[in-house]
Each structure stands twice: as structure tokens, then as C-alpha cells.
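Visitor: If you want the building blocks of each chain, they are given just below.
Protein chains: 4
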Amino acid sequence: MATKANSVAHSTLVKVDPFVPADQQKGLHNRWHPDIPAFATVKPGQVFKVECVDWTGAQIGNNDCSDDIKNVDLTKIHNLSGPIAVEGTEPGDCLVVDILDVTPFEKMPWGYTGIFELENGGGLFAREFNSKAAKAIWDFEGVYATSRHIPGVRFAGVTHPGLIGTAPSPELLAKWNERETGLIAQHADSVPPVAFAPNATGAYVGQDLAQDVRDKIAREGARTIPGREHGGNCDIKNLSKGSRCYFPVFVEGANLSVGDLHFSQGDGEISFCGAIEMAGIITFKTSIIKGGVEKFALKQPIFMPSPVDPLYSQKLIFEGISVDIHGDGKQYNMDATVAYKQAALNAIAYLMKLGYSREQAYLLLSAAPVESHVGAIVDSPNACVTLAIPTGIFDFDILPKEEGLAKRDLGGCAIRSDGVV
Amino acid sequence: MATKANSVAHSTLVKVDPFVPADQQKGLHNRWHPDIPAFATVKPGQVFKVECVDWTGAQIGNNDCSDDIKNVDLTKIHNLSGPIAVEGTEPGDCLVVDILDVTPFEKMPWGYTGIFELENGGGLFAREFNSKAAKAIWDFEGVYATSRHIPGVRFAGVTHPGLIGTAPSPELLAKWNERETGLIAQHADSVPPVAFAPNATGAYVGQDLAQDVRDKIAREGARTIPGREHGGNCDIKNLSKGSRCYFPVFVEGANLSVGDLHFSQGDGEISFCGAIEMAGIITFKTSIIKGGVEKFALKQPIFMPSPVDPLYSQKLIFEGISVDIHGDGKQYNMDATVAYKQAALNAIAYLMKLGYSREQAYLLLSAAPVESHVGAIVDSPNACVTLAIPTGIFDFDILPKEEGLAKRDLGGCAIRSDGVV
Amino acid sequence: MATKANSVAHSTLVKVDPFVPADQQKGLHNRWHPDIPAFATVKPGQVFKVECVDWTGAQIGNNDCSDDIKNVDLTKIHNLSGPIAVEGTEPGDCLVVDILDVTPFEKMPWGYTGIFELENGGGLFAREFNSKAAKAIWDFEGVYATSRHIPGVRFAGVTHPGLIGTAPSPELLAKWNERETGLIAQHADSVPPVAFAPNATGAYVGQDLAQDVRDKIAREGARTIPGREHGGNCDIKNLSKGSRCYFPVFVEGANLSVGDLHFSQGDGEISFCGAIEMAGIITFKTSIIKGGVEKFALKQPIFMPSPVDPLYSQKLIFEGISVDIHGDGKQYNMDATVAYKQAALNAIAYLMKLGYSREQAYLLLSAAPVESHVGAIVDSPNACVTLAIPTGIFDFDILPKEEGLAKRDLGGCAIRSDGVV
Amino acid sequence: MATKANSVAHSTLVKVDPFVPADQQKGLHNRWHPDIPAFATVKPGQVFKVECVDWTGAQIGNNDCSDDIKNVDLTKIHNLSGPIAVEGTEPGDCLVVDILDVTPFEKMPWGYTGIFELENGGGLFAREFNSKAAKAIWDFEGVYATSRHIPGVRFAGVTHPGLIGTAPSPELLAKWNERETGLIAQHADSVPPVAFAPNATGAYVGQDLAQDVRDKIAREGARTIPGREHGGNCDIKNLSKGSRCYFPVFVEGANLSVGDLHFSQGDGEISFCGAIEMAGIITFKTSIIKGGVEKFALKQPIFMPSPVDPLYSQKLIFEGISVDIHGDGKQYNMDATVAYKQAALNAIAYLMKLGYSREQAYLLLSAAPVESHVGAIVDSPNACVTLAIPTGIFDFDILPKEEGLAKRDLGGCAIRSDGVV
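Residue numbers (numbering that gives the first Met the number 0), protein chains in the order written: chain A, 0 to 420; chain B, 0 to 420; chain C, 0 to 420; chain D, 0 to 420.
I should point out that these hints are in silico values taken from the structure, not numbers from a laboratory. Check each hint, because a few of them may be wrong.
Intra- or inter-copy, both count: the list cannot distinguish identical chains.
[Claimed, not checked] Calculated lysine to aspartate or glutamate pairs in the EDC-like style (CA-CA distance at most 20 Å, straight line):
(1) K289 / D408
(2) K400 / E89
(3) K42 / E140
(4) K25 / E127
(5) K329 / E177
(6) K284 / E401
(7) K298 / E251
(8) K314 / D396
(9) K14 / D207
(10) K3 / D16
(11) K174 / D327
(12) K298 / E170
(13) K25 / D211
Full structure from sequences and hints, please.
Guide: Here is the structure:
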């Protein structure tokens with residue numbers, strides 16, 4: 000018969016408390032550096048779990064006020080679980096990572112999407128909107144999310160780690176720091192900043208380390224904000240539970256770290272922490288392909304998506320081109336970022352016709368499983384990017400109607416206690 | 000019983016011969032201008048067909064030499080069929096266009112994908128690859144395409160018009176010309192050019208017009224190369240047979256024009272005429288939503304994709320970030336175009352491990368139903384773009400294997416008669 | 000440049016006129032018999048086309064009266080095009096058939112779905128409904144079908160041959176006739192009949208044959224109504240354009256025949272000619288696997304479905320179990336046919352709440368891309384079968400609502416001139 | 000910040016221990032009877048969880064011997080959790096049930112599929128195969144299952160309750176018992192039995208009840224084996240996490256019960272407990288539509304499937320017709336059950352060519368996400384049923400190859416300790 004003896008749970012290698020500040024917990028770190036030692040080691044083929052705090056380390060609450068977003072301390076993000084070493088892995092190998100599952104904690108069935116202040120985080124439209132902090136709390140009901148701050152929608156999550164990567168070698172780290180500080184130097188006064196240089200303030204490694212090692216990591220460690228050659232904060236929604244990822248390996252053991260779990264996200268994650276951010280548990284299995292970097296010409300990770308990603312076949316798709324018609328009418332030169340922004344602005348304008356506020360629409364595009372394709376990128380001077388909203392996530396019919404779109408009362412999202420939006 | 004009398008074919012409003020140069024045929028034009036009169040008029044609800052030459056107007060042949068690509072006359076593209084006026088349509092309306100079918104001519108069951116010379120057309124990697132003309136001929140076998148120049152693949156077409164749009168108003172045309180000539184002025188020496196100003200050379204309207212009207216159109220008419228607010232050359236592969244598109248209307252009758260039919264295309268259409276270009280027949284049905292521009296905040300077309308687009312669920316996905324690691328290692332600032340290029344270069348490197356030449360891989364990514372998503376566009380400084388190759392289009396298994404990838408003999412694409420690649 | 004010389008259309012091996020009675024045309028036959036000679040021969044790898052009349056051979060008209068259905072001559076069905084021999088094929092081989100395309104004739108953009116009289120054809124509910132002839136005419140608008148007789152729906156076709164198969168050997172034919180006449184003997188008085196014995200009346204082979212051969216075929220030839228080991232009238236909607244089918248071969252050359260083209264069909268094809276019946280053109284390519292019957296344990300065809308079958312992800316699904324609660328309440332013993340009928344009756348009852356007549360609902364389930372799964376077939380005594388209706392084919396929202404379902408005026412289907420339904 | 004106080008887990012209304020025999024636990028019952036009181040009550044809109052033992056109540060172990068299957072006590076199945084009453088629900092209402100999630104217990108990451116003995120349980124081929132007990136243990140690795148007893152496959156689960164239903168009214172219960180005992184009477188000697196009459200032996204209700212109530216339930220309670228008008232053991236794999244189901248209500252409170260959780264299942268669940276049986280947790284949310292039975296003509300449940308069901312687009316499809324060619328060659332009359340069996344036998348024969356044993360193939364078709372469609376059910380005398388195997392669940396290529404299928408060493412499933420198969 001079924002017994003405890005013949006039923007062995009998968010082991011959990013990093014355990015965290017999602018309600019305790021990240022810098023008080025073991026097995027977390029928030030910089031990339033080759034000197035961060037492996038926190039745990041696994042054998043290839045072993046199934047194991049890793050618990051993760053949310054990317055801010057419990058700074059954001061389940062409430063109806065966005066002051067916590069306004070005041071978030073961004074020197075302390077992202078809080079990653081690991082590193083996990085895989086026995087037998089060497090530089091030049093390919094680490095195959097099966098992302099077997101990603102779930103929220105049972106005791107914390109909610110997450111959030113935030114619009115960040117222009118001066119503290121930003122986001123795709125931080126300048127256009129002169130963004131003030133706002134947020135939406137999402138309730139997890141099994142595979143679905145709903146929000147009291149964005150009524151009228153319910154969608155299945157495409158749970159994934161926003162941030163997952165192998166540790167950089169010293170050489171790779173140096174390259175990152177050099178090229179990014181170079182960019183910062185060119186745009187010194189940009190608000191929000193164009194990139195983030197190493198910053199000892201807020202740096203954290205939840206392991207017992209000699210002070211000089213700790214100082215070196217804090218001083219040199221690359222910030223976690225962008226994705227890079229090792230993976231990192233790529234925020235690819237389809238790197239979800241059920242996917243298989245092939246990472247290049249730069250250090251012995253590969254030293255995989257993971258965090259910034261998302262219950263859902265739209266392509267682009269436009270409002271900066273635009274996904275539905277959550278604390279939770281990720282389940283992994285790994286294997287090694289010796290010499291895989293050379294075998295597969297692996298300059299960055301490649302992956303196979305999951306068979307269980309949500310399927311909503313009917314969509315309403317918005318187009319954008321690389322012209323800023325929302326103001327100065329400037330023509331850009333094959334700029335897919337501008338085209339993406341245009342498509343998103345067109346979608347926001349449409350959603351506002353349905354009764355959503357601009358901030359609700361911005362949050363919704365960030366959080367829901369919208370898809371953004373690069374349509375064309377050779378038709379000079381205009382790149383064309385599309386953004387597809389699945390119609391099945393709405394409780395009501397959003398398709399264009401001869402009589403126009405009925406404007407509903409759809410409430411509002413959480414805003415600052417001073418009422419500024 | 001079934002009889003001819005009770006079986007009425009849909010009428011064809013523009014008839015062309017795909018083997019005759021475009022500038023010898025009626026109902027075609029290759030510039031955008033409000034003074035081009037409607038070539039035919041339909042009632043809302045009427046199903047009708049429009050025949051189209053290929054975008055070059057028969058300049059490219061079904062053979063194994065790319066000299067025709069090398070010498071293509073780009074002043075004569077794209078050859079559009081129309082304009083078609085829809086009775087009762089006024090500026091500010093929304094023209095709903097059902098793209099009911101898109102098929103090649105039965106008598107011309109083939110198409111082509113070309114890599115264009117750096118100095119004559121270009122393409123996404125024109126400079127990186129110092130591109131010389133190359134091409135692949137695709138044979139149409141029902142819903143599938145195969146190519147003797149790219150063996151080992153067969154895929155279902157997502158047939159669509161690369162170019163479809165309503166006519167611009169004089170004001171809109173003036174805006175286009177102003178902003179694009181402004182960009183050209185900033186990048187006067189760029190090769191290939193960053194944009195294309197009006198050019199009387201090669202301009203054509205296949206209607207009986209007074210010479211002054213004809214001259215004005217040739218002198219002022221916007222080139223057809225980029226997509227713009229009216230649609231145009233958006234090259235969106237999912238604007239395919241079965242899709243429904245909502246266009247803003249700028250002139251009386253809407254004056255819809257269409258051309259540049261594609262049998263298939265990858266997101267991005269990277270090799271410039273990277274789709275499988277074909278001549279063929281498109282079937283339409285239209286309706287009007289009065290005042291739709293205001294009702295739907297319609298700054299550009301929006302659309303619903305088709306239920307019959309090809310479905311290949313298993314994919315291999317490549318990532319790219321906005322860093323040029325392929326040479327100077329330069330860091331770009333949230334540049335999705337660079338990220339797209341990286342993802343494509345990573346995919347090309349992988350395909351070359353399988354035995355394809357660089358040019359074959361470039362052509363294949365352009366022509367096959369690959370999907371490119373904007374993963375993340377807020378993680379400064381790196382945008383992250385993905386490019387997904389459906390594995391089911393290959394005759395052999397392309398997934399990463401422990402033993403590496405077997406390099407096959409996969410021949411080569413059509414090249415120039417002088418052998419230069 | 001593109002020329003006629005470098006553009007060769009695929010050859011058409013059987014040409015028919017869809018407006019002429021089938022028994023006046025060459026290359027058609029309506030019985031299965033090994034002595035029917037090949038009408039044409041192809042080489043493996045050759046792409047070719049075959050034209051087909053509709054299954055009745057032009058007996059049904061595009062009008063608003065079902066008398067033609069009532070009086071249809073069923074001794075003359077199905078009219079198959081072929082046989083086509085494939086060079087080098089022998090008994091025991093597997094004939095691989097790529098169904099590359101299936102389209103209606105351009106000159107005949109319509110089809111029909113019929114409910115047949117209890118006494119002349121029947122159908123799944125012929126006895127329950129005491130069926131009188133009714134029909135719906137469908138207009139083909141590119142990839143879509145709509146019907147003036149069933150308003151409120153539009154769906155993409157899953158075009159396929161209802162009937163396709165290789166020729167039987169003499170031994171296989173004898174087995175068929177023996178087992179089917181045995182069944183008829185057991186149910187001699189059944190209306191409609193349980194099976195159809197060979198019947199010289201109406202038998203036709205559109206080739207020049209000696210009279211004794213012709214007589215033998217007419218006398219012994221198996222009727223085309225059921226599917227059998229060679230394929231035949233399986234009416235599998237997913238054996239559609241883009242699919243690849245593996246047939247067992249029983250005679251030299253395989254002798255493939257095809258007909259009964261459908262623009263669309265629901266799983267089950269419940270109203271007997273429940274698909275959208277059409278005349279049209281099918282495009283093929285074949286290859287041979289020597290000894291494939293043994294290699295693949297091929298007792299019947301197997302196939303790979305098409306990547307371009309319509310995708311409607313949202314569905315409303317009805318369940319049925321093997322109990323006839325619609326009357327006598329009788330309990331059946333794991334009878335999936337009864338369970339299927341129940342699921343269909345439950346769906347019809349629901350559709351009638353929306354305003355469709357029973358006959359419209361019956362026709363719609365037959366013609367639209369509904370899916371029927373065998374849920375469970377081991378939970379004694381009840382088999383459970385489901386029937387899924389895609390919601391996206393309706394112009395209006397059919398989902399259950401708190402306020403119930405709004406009953407609309409949805410007209411009616413074509414009925415008999417005497418008004419009997 | 001995130002705190003325990005602002006993070007409230009969904010409440011669990013039935014708690015069980017999956018390692019303790021079901022008849023020692025509260026909140027379980029294994030018969031259908033209107034007199035079983037609600038074990039818990041919820042308000043409409045409340046999210047809640049229910050824990051379930053596996054269908055046998057811990058009788059089957061994670062080991063390599065099938066003696067536990069051989070000796071299973073079937074008088075004690077299925078162990079259902081509940082009933083759960085929904086406040087305000089009355090007979091005639093429709094109970095809307097959102098199946099929000101279905102997961103295994105973290106502490107029990109495995110399940111099993113069994114072939115049951117001809118004399119103790121049976122299965123679709125119990126007689127054809129003279130079945131002896133066999134089983135496969137499946138390990139759950141996140142969203143995937145793998146089995147040491149069926150190597151070479153890995154597939155994403157479509158987790159669902161095999162058994163879910165509302166309580167019957169006394170009238171409905173009487174009808175069930177009458178019709179099923181009638182069937183039993185007609186087939187008194189059948190092995191396995193055609194149906195299961197009420198049986199006090201093994202009957203269990205895990206609540207404090209008066210003895211006479213308990214006796215009445217045991218004496219009259221319907222067995223849980225078949226699906227019926229209230230839902231019940233329908234074993235519909237797509238009634239999965241993320242689906243929404245509409246149940247008819249027969250008693251006050253509706254009294255929903257659930258059990259027999261499956262990690263995965265093939266359409267048909269052919270080997271009797273052919274799914275991957277598991278203990279686990281189901282998450283629900285309910286609402287009420289007053290008078291819904293009349294509003295929706297609700298004779299049985301209807302449902303909307305989930306957007307997160309696994310998607311494997313490439314399939315190999317087997318056909319079956321209602322002829323038993325596997326032996327006597329008997330012709331059946333439009334019997335979809337026979338056609339289903341044929342399709343399954345054809346698939347088993349194919350899988351055996353790949354190296355699987357007959358029992359492994361039988362178990363695999365039962366457990367993997369295979370799809371079975373009713374192709375045609377009007378082509379007398381042969382029903383046609385298809386069975387589709389997703390190719391993407393295999394580690395190796397299973398498609399037909401010119402050189403035939405390579406037979407691998409694929410081990411074997413768990414068998415009886417006496418070695419009899």
C-alpha cells in the first residue's frame with residue numbers, strides 16, 4: 000500500500016520565509032560574482048526545489064496603497080536563491096535545466112504588479128507618463144489570477160522565473176562592468192538611469208564569508224537588472240514551468256541562481272516590475288552536455304517552451320511603428336523599441352475606451368499573457384511591432400463593435416497615500 | 000441539381016498577368032498618393048478578389064542564379080493592386096477588411112526569398128555580412144513550401160499580404176514625407192539608405208490619368224517600403240488568410256490597395272524580401288464602422304489573427320540582448336533592434352552547426368514561420384528579444400543532443416553567376 | 000524574370016464538371032472492386048491534382064428547398080475519382096499519401112449539409128426525429144463558410160476528403176461482402192438499413208471496359224458507404240489538407256481513389272451527409288514504403304494531422320453517457336454510440352435555447368468543426384462521450400449566463416416543398 | 000511589506016492522510032446517496048481546497064510488484080471527499096464549479112496506472128488479453144510524469160478529478176438502481192460484470208451518523224463506478240485544472256463530492272484505472288445560476304475546458320472501425336465501442352513494434368494524453384473512431400520510417416510476484 004516510506008518528497012535546497020526581509024535570510028544573494036560560493040550542490044538528474052522570496056525581499060504589501068512601491072529600496076534587488084552547483088560541470092559545458100514547476104507559496108496566494116516612480120525605478124513609459132507609484136494586487140486562485148484593482152479580467156498564469164542564470168567568470172564579469180559603465184558615462188544625467196553600475200550599498204550574500212570576499216563581491220558584483228550572456232533577468236514569460244533551458248557554463252559547477260518569480264507576465268514586462276511578482280517555489284532537474292557551448296554555438300541560453308503555457312487562440316492585435324506620433328512626430332530609424340512603445344500605447348488607448356484608467360491598462364498589459372511579435376525589421380525606416388491581447392481573459396466582449404465600445408466603471412488601481420497619480 | 004446558374008463565382012476586380020512587367024498592366028500602382036483614383040468600387044458585404052503580381056513585378060525568375068536579385072530595379076516596387084473604394088466610407092471611419100483567402104496562381108506554383116546586395120536593397124545583416132545577392136526558390140505543394148536551395152525543411156504557409164493599406168490624405172502624406180526626408184537628411188551617406196524619399200523614377204499608376212495628375216503622384220507619392228499609420232508594408236505574417244483587420248480611413252472610399260503577397264514569412268522578414276514572395280490572388284470582404292477612428296482610438300490598424308495559421312507547438316528558442324558581442328562588444332541602450340539581431344545571429348550560428356550555409360540559414364529564418372517575441376524591454380540596459388524556430392518544419396531532429404549536432408551536406412542556395420558570395 | 004516557361008502548374012489527372020451528372024463523366028467510379036483499372040498512373044514524388052464531383056454527382060442544388068435531398072438516388076453514390084496507380088507499389092507496401100490541398104472549384108463556391116429522410120438515407124437521429132429532408136446551403140468565402148439557413152455562425156473550413164482509400168484485393172472484397180451481408184441478414188427489416196449489399200443498380204465505372212468486367216464490378220463491387228481496412232468513407236475531419244496518411248496496399252499500384260470532399264465537418268458527421276459537401280480539387284503527393292504493412296502493423300490507415308487545421312481554443316463541451324434518458328430510460332452496456340447520441344442531443348437542446356430549430360442545430364453539429372472525444376470507456380455500464388462546440392464560430396456569446404440564454408430569431412433551414420418537417 | 004497578516008491561505012475543508020486507509024478517515028464516502036449529509040458548507044464565491052486520497056484509499060504501493068493490484072478490494076472504491084454544500088443552492092439550479100487547481104501531495108510525488116485482473120476489475124481488453132495484474136509507477140517531476148516501468152516517455156499532466164458530481168435526489172437514485180440492476184439481470188454471468196448493484200460490503204461514510212442512516216446508505220447507495228446524470232465517474236481528462244463545469248443540482252446545497260484524482264489520462268482510460276491515479280488536493284470556487292437546469296436544458300453537466308491543458312501539436316493517429324478483425328472478423332452495427340477498441344489495438348500493435356510490451360503499451364495509452372475522436376458515426380455499418388498519440392511525449396522519434404521502426408529494449412512494467420502475465 001501507499002506509505003510514507005515509499006513516498007519521498009523532492010528535497011528543498013534553499014528555504015526562505017517570504018515575510019522576512021531578504022537580507023536576514025540564508026541562501027540568497029543580490030549581485031552576480033564568481034566568488035559567491037555554491038550554497039548547495041546537486042547531482043545531474045536529481046529533482047530538487049528552491050524557494051524564493053519576491054524580487055524585493057518582502058518590501059511590498061497586500062494592501063490598497065502604493066507607498067511601498069514609491070519607497071522601494073532598489074539597491075537590494077533582486078534577491079536570488081542559490082547558487083546551486085551541479086557536480087561535474089565545467090566552463091564551456093552546457094547546463095540543461097528543466098524548469099519542472101513554479102508555484103506560489105500556499106501561505107501567500109497573492110502577488111503584485113507595480114508602476115514605479117520616474118525617479119525610483121521607472122518603466123517603459125516613465126517619462127511619457129511622468130510615472131507616480133501605483134500597483135495592482137493579484138489574488139491567485141489555482142491556475143488563475145484576478146485583481147480587485149483591475150476588475151473584469153481573469154487569466155491563467157504562465158508561471159516562470161523572471162531571473163535565472165549561471166555565474167559569470169571573472170572575465171565575463173569584467174566585460175559586463177566595462178561595457179555598462181561605458182554606457183552610463185555617455186548618459187550620465189539620464190532619469191531613470193540607462194544602466195546600473197556595481198554598488199556596494201545594499202549588496203548581500205546570505206552565506207558565511209570572509210569580510211574581504213564579501214567586500215569584493217559588493218564592490219565588483221554586477222547588478223541583476225539586465226539579462227546578459229548567462230541568462231539573468233531576461234524576463235521571458237515562456238521560460239515557464241515545463242520548459243527546458245540550455246545555459247552556457249562559465250565557472251566550475253555552473254552555479255545556477257534563480258529568483259524574481261512571476262505568476263504571469265506580458266511580453267515586454269512594460270511597467271518595470273510589470274509581471275505579477277510573487278514569492279514561491281521552483282522545481283528543477285539538470286543535466287550536463289560536455290562542451291555544449293561549442294557544440295551549439297551557445298552565446299546565450301536557448302530553450303524549448305512548455306506544453307502547458309496558456310492557450311488563448313482569439314486575440315486583438317495592435318500595431319506599432321518606429322514613429323513617435325504621440326507628440327513630436329519624430330521619425331526613428333528602424334527602432335523596434337519605439338515600435339513596441341507605439342503598439343503598447345495604441346493598446347492602452349483602446350483599453351481606456353473600455354473604461355480602464357491609463358494606469359490600469361499599463362498594469363494589465365504588463366501582467367497579462369499578452370504577446371508581442373517583431374513583425375518586420377527591414378522596411379526602412381519603420382520597424383513594425385505587434386502586441387496581442389487575448390480576448391478570453393476578459394469577462395466581457397472587448398472586440399470592436401459597430402456601436403463602439405461601452406465604457407464601464409472599472410474602479411481604479413492602488414495609488415499613493417497622497418493621492419498623486 | 001447543382002448548375003452553373005446556381006453557382007456564381009466571386010468577381011475579380013483586378014486581373015493581372017504575373018509574367019508581364021508590372022508597368023504594362025492596369026490596376027497597379029507603386030506609390031501612395033491621395034490623387035490615385037479608385038480603380039474599382041465595391042459595396043460593403045461584397046466578396047471580391049484581387050490579383051497581384053509579385054512585389055517586383057516579375058523581375059525574379061525560377062532558376063538557380065541570383066543575378067536577377069542583384070540587378071533588381073527597386074524604384075519600381077512595390078506593385079500594388081487597387082485602389083478599391085468601398086461605397087459610403089468617409090475619413091474617420093474604420094474599414095473592416097476580412098482577408099478571406101490568399102493563394103498563389105495555379106499556373107505559378109513557386110516563390111522566392113532573396114538576400115539583397117548591400118548596395119541594392121540591403122537587409123538586416125547587409126553590413127555585417129557585406130551581403131551579395133543570393134536566393135532560394137520555393138515550390139508550392141498545396142499548403143506546403145519546399146526549396147531545392149534549402150533542403151531538409153517543409154512547412155505550411157501562412158499566406159498573407161505583406162502590404163495592405165488605405166490611401167493617405169494629403170495631410171498625412173505630407174507628414175510622412177516631411178518626417179522621412181528629415182531622417183534621410185540626418186543620415187545622408189548611409190548604405191543602405193535609412194529611408195526612401197519620393198522618387199519620380201519608376202513611379203507608375205496603371206490607369207488613364209491626365210499627365211499633370213500622373214506627374215504629381217510621381218513627384219509627391221510616398222514610397223511603399225515602410226509600414227505607416229494606414230497599414231502599408233507592415234509585413235506582419237499573421238495578417239493572414241482568415242484574419243480581420245480594422246483600418247483607419249483617411250479619404251472618401253478608403254481606397255484600399257494591396258500587394259507584396261507572401262506564401263510564408265518569419266517574424267522580422269530579415270533578409271529584406273525575406274518572405275516567400277509570390278504573385279497570387281487575395282479574396283476580401285469589407286464593412287464600415289462609422290466614426291471608428293474615434294470609437295477605437297485607431298492610430299494604426301488593429302486586427303484579429305486567423306484560426307488557420309499553422310500550429311507547430313514544439314520550438315527551439317534563441318535569445319538576444321542589446322549588446323553587440325559579435326565584434327566590438329558595444330553596449331546599446333534598450334535597443335530591441337539590436338536584441339533582435341543578436342537572437343537571429345545566435346539562431347544562424349546554430350543552424351550552421353547543422354550544415355546550412357550562413358546564407359541558407361539567413362534565408363530560412365526569413366521565410367519559415369519563426370516567431371520573434373519582445374521578451375523584456377525594461378531591464379536597463381538590455382532589451383531581450385527571442386526568436387523561435389518550429390522544430391516540426393525539419394525532416395530531421397534539430398534539438399540539442401549530448402553528442403552534439405550532426406553536420407549534414409545540405410547543398411547551397413542560388414548565388415551570383417560570378418560566384419561571389 | 001518570372002515566365003510561363005519557368006512556371007509549371009501541377010498536372011490534373013482526373014478532370015470533371017461539377018454540374019454534369021457523374022455517370023456521364025470519365026475517371027469516376029462508385030463501387031470498390033479490384034478489377035477497376037487504374038485511370039491514371041503517377042510516379043512516387045510527383046505532385047498531382049484530382050478533381051472530384053460532390054458525393055451525389057450534382058444531384059443537389061443551391062436553392063431553398065430540400066426536395067432534392069428527399070429524392071436523392073443513393074444507388075449512385077459516392078462518385079470517386081480514380082483509381083490512381085502509383086508505380087512500383089505492391090501488396091503489403093505502405094502507400095504514403097500527402098494530402099497537400101483540398102479546395103472547392105472557384106466556379107462553385109458553395110456546398111450543402113443535408114438531413115436525409117428516414118426512408119432514404121437516414122442519419123444518426125433518423126428514427127428519433129422521424130427525419131424529413133432538410134438542408135442548409137453554405138457559401139464559401141475564402142477559408143470560411145456561412146449559411147443563410149443557419150445564421151449567426153461563421154467558421155474556418157477543415158477541408159478534407161470524406162472518402163479516400165486503396166483498392167481491395169479480391170480476398171478482402173470477399174471478406175467485406177461476407178461480413179456485411181451477414182449483418183444485413185440479422186437485421187433484415189431495419190429502416191434505415193444496417194448495411195448495404197452490392198447492388199448493380201446505379202453502379203458506374205467511367206472507363207472503357209468490356210461488358211463482362213463491367214458486370215462483375217457492378218455485381219460484386221462493395222458499396223462505398225462505410226470505412227473499412229483500406230480507408231474508404233471514414234469521414235475523419237482531420238484527414239485534411241496538410242495531413243499525411245499511411246495506407247495499406249492490397250493490389251499492384253495501390254489504386255487510390257478519392258471523393259466525397261468536405262469543406263468542413265463535425266466529428267461524427269451526424270446527419271448522414273452531415274459534412275459541408277462540395278465538389279472540388281485535391282492535390283496529392285505519394286511515396287512508397289516497401290513492406291510497410293508488416294513494418295507498422297498496418298491493419299488500417301494511420302495518419303499525421305495537419306498543422307493548419309482551424310484552432311478555436313474556447314469550447315463549450317457536452318457530455319453523454321450510454322443511457323437513453325430521452326424516453327424509455329434504458330440502460331445500455333458500455334455503448335459509446337449511445338453516449339455519443341446523448342451528448343449530441345444535449346448539445347441540440349442547448350442550441351435550441353439560443354433560438355435554433357432542432358433541424359438547424361442538427362445540421363450545425365454535423366457541419367461545424369465540433370470535436371467529439373471518447374471520455375471514458377471502462378466505467379461500467381456507462382461509456383462517456385463528449386462533444387465540444389467552439390464558441391468562436393458564433394457571432395454572439397453562447398456561454399451560459401446567469402440570466403439564461405437569449406432566444407433569437409434565427410430563421411430556418413431549407414425544407415421540403417410540401418412543408419413537412 | 001508582505002506579512003503573514005496580509006497573506007491568507009485558502010482554507011482546506013477536507014483533510015486526509017494519503018497513507019491511511021480511507022475507511023479510517025473523516026470527510027470521505029464511497030457511495031452516492033441523498034442522505035449523506037454535507038461534511039462542510041461554503042458560500043458562493045469562496046475559494047476552498049479539498050484533499051483526496053487516491054481512489055483505492057492507499058491500497059496500492061510504490062513498488063515493482065502488481066500483487067496489490069491483483070488483490071485490490073473494489074468494494075471500497077471510490078473514496079470521495081465531501082459532500083460540500085453550497086449555500087443557497089436548490090434542486091433545479093445549476094452549480095457552476097471552477098476547478099482551479101489539482102495537484103498531488105508534495106509528500107507523495109508519484110502515482111500509478113494499473114491493468115486489473117479479468118476477475119477483479121477488468122478493463123477494455125480484459126477478455127481479449129485475459130488480463131493479469133500489472134502496473135506502472137509514475138514519478139511526478141513538476142508538471143511532468145515519467146515511469147521506470149515505461150521508459151522513453153515524459154509528458155505534461157492534465158491533472159483532473161476522474162470523479163466529481165452533485166448528490167442525487169432519492170428519485171434519481173432510484174432510477175439509477177432500477178436501470179442498472181435491470182442490465183445486470185440481463186447479463187448475470189458476465190465476467191467482468193456489466194454493472195455494479197448497491198453493495199453494503201465496503202460501504203463507508205466518514206461522518207458521525209445514526210446507524211439506521213448509515214445502513215440505508217450502505218444498502219441503497221449507488222456505486223461510484225459509472226458516470227451518470229450528475230457527473231460522477233466520467234473520467235473526462237479535459238475536466239482539468241482551469242476548467243469551469245456546470246452541474247445540475249438535485250438536492251438542497253448541491254452536495255458536491257470529488258475524488259479519483261488523476262495526474263494524467265488518455266481519452267478512454269482503457270485499462271480500467273488507466274489514468275495516473277494519485278492522491279492530492281483540488282481547489283474550487285463555486286457560483287449558482289438559479290433555475291439553470293431549465294435555462295440550459297441541463298440533463299448532464301456541461302463544461303468549458305482549461306487554457307492550460309498540454310498542447311502537443313504533432314500526433315500519430317490510428318483508426319478503428321466496428322469490425323473485429325482480430326479474430327472472428329465479426330461485423331458490428333455502428334458500434335463506436337468496438338471501433339474504439341480497434342483503434343486502440345492498432346496503436347498497441349504499433350507501439351509493440353517500437354519495443355514496448357503489450358502491457359506497457361496498454362498502460363501507456365491509458366495514462367498519456369492520447370486523444371480519441373469519434374470520426375464518423377453514420378456510415379453504416381461501420382463507426383470510425385480515431386486515437387491520437389502525441390509524438391512529443393517520446394524521447395525518440397516514433398514516426399513511420401522507410402527503414403521500419405527500430406525495436407528498442409524498453410524493459411517491462413511491474414507484474415505479479417508469481418510471474419504470471
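Visitor: Within, between, both or neither: how does the pair K25, E127 come out at a Cα-Cα threshold of 20 Å?
Guide: neither (40 Å within a copy, 47 Å between copies)
Visitor: What label fits K174 with D327 when the C-alpha limit is 20 Å: within, between, both, or neither?
Guide: between (37 Å within a copy, 11 Å between copies)
Visitor: Between copies, within a copy, both or neither: which fits K298 and E251 at Cα up to 20 Å?
Guide: Answer is within: at 18 Å inside a copy they meet the 20 Å cutoff, but 53 Å across does not.
Visitor: Are the CA atoms of K329 and E177 at most 20 Å apart within a copy, between copies, both, or neither?
Guide: between (32 Å within a copy, 10 Å between copies)
Visitor: One pair to classify: K284 and E401, alpha carbons no more than 20 Å apart. Within, between, both, or neither?
Guide: between (52 Å within a copy, 16 Å between copies)
Visitor: Checking an output row: K14 and D207, CA cutoff 20 Å. Within, between, both or neither?
Guide: Within one copy only: 16 Å inside, 41 Å across.
Visitor: Classify it for me, K400 with E89: is the Cα-Cα distance of at most 20 Å met within a copy, between copies, both or neither?
Guide: between (59 Å within a copy, 18 Å between copies)
Visitor: Taking 20 Å as the upper bound on the Cα-Cα distance, should K314 and D396 be classified as within, between, both, or neither?
Guide: both (12 Å within a copy, 16 Å between copies)
Visitor: Classify it for me, K289 with D408: is the Cα-Cα distance of at most 20 Å met within a copy, between copies, both or neither?
Guide: For K289 and D408, neither the intra-copy (58 Å) nor the inter-copy (25 Å) Cα distance is at most 20 Å.
Visitor: Using 20 Å as the alpha carbon limit, work out where K298 and E170 are close: within a copy, between copies, both or neither.
Guide: Result: close within a single copy only, 15 Å intra versus 47 Å inter.
Visitor: At most 20 Å between C-alpha atoms: does K25 with D211 qualify within a copy, between copies, both, or neither?
Guide: within (19 Å within a copy, 59 Å between copies)
Visitor: Please sort K42 with E140 into within, between, both or neither, judging by C-alpha distance up to 20 Å.
Guide: between (35 Å within a copy, 16 Å between copies)
Comparing the model with each earlier hint shows violations of hints 1 and 4; every other hint is respected.
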